[in-house]
Amino acid sequence: QVQVAESGGGSVQAGGSMRLSCTASGTIFNPDVMAWYRQAPGKQRELVATIPSLGSIVYADSVKGRFTISRDNAKNTVYLQMNSLKPEDTAVYLCTAVVRFQLYWGQGTQVTVSS
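Anchor point for the sequence shown: position 11 equals 1497 in this note's numbering, and the numbering is continuous, going up by one each time.
Think of the hints as simulated: they come from the structure by calculation, not from any bench.
A few of these clues could be false.
Here are the in silico distance ranges between beta carbons for each label pair [claimed, not checked]:
(1) K1550 with Q1525: 16 to 24 angstroms
(2) P1573 with S1539: 29 to 37 angstroms
(3) R1531 with P1573: 16 to 24 angstroms
(4) S1556 with R1531: 21 to 29 angstroms
(5) D1547 with G1501: 14 to 22 angstroms
(6) Q1487 with Q1596: 21 to 29 angstroms
(7) S1503 with K1561: 15 to 23 angstroms
(8) G1496 with F1587: 19 to 27 angstroms
Just so we're clear, the structure is a prediction, and the values are computed from it rather than from any experiment.
Note that the Cβ used here is the ideal one computed from N, Cα and C, for glycine as well.
Build the full structure now, drawing on both the sequences and the hints.
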């Protein structure tokens, strides 16, 4: 059974930086796609960034130029480097992994940005 687990959330002041990590375990296959979503209170879940094993990285317009997604296939791990954080980035950040056409979600990690 594939499990997806995030780490690295916490609290930071506006303008600061934070790095999130997410590992897909329980599989010998590299995920075809890994992605970060976020959900703020009272708002719909939104895609933050996605990184396929082949193909182009995609970012939400709201994070372009501030966030960077990367992955380490040897570790089945995806990272989200977040710079110039804003209070509106406050949300639960969730990681996903697509492994052999199945989509798996992590439990999420809270990121809080104070002004």
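Tested hints:
1. K1550 with Q1525: 16 to 24 angstroms: Holds, at about 19 angstroms.
2. P1573 with S1539: 29 to 37 angstroms: holds (34 angstroms)
3. R1531 with P1573: 16 to 24 angstroms: 19 angstroms Cβ-Cβ, so the 16 to 24 angstroms window holds.
4. S1556 with R1531: 21 to 29 angstroms: Check passed, 22 angstroms falls within 21 to 29 angstroms.
5. D1547 with G1501: 14 to 22 angstroms: holds (20 angstroms)
6. Q1487 with Q1596: 21 to 29 angstroms: holds (25 angstroms)
7. S1503 with K1561: 15 to 23 angstroms: For K1561 against S1503, whose Cβ atoms are near 22 angstroms apart, the range 15 to 23 angstroms holds.
8. G1496 with F1587: 19 to 27 angstroms: violated (34 angstroms)
Violated hint for the displayed structure: number 8, the only one.
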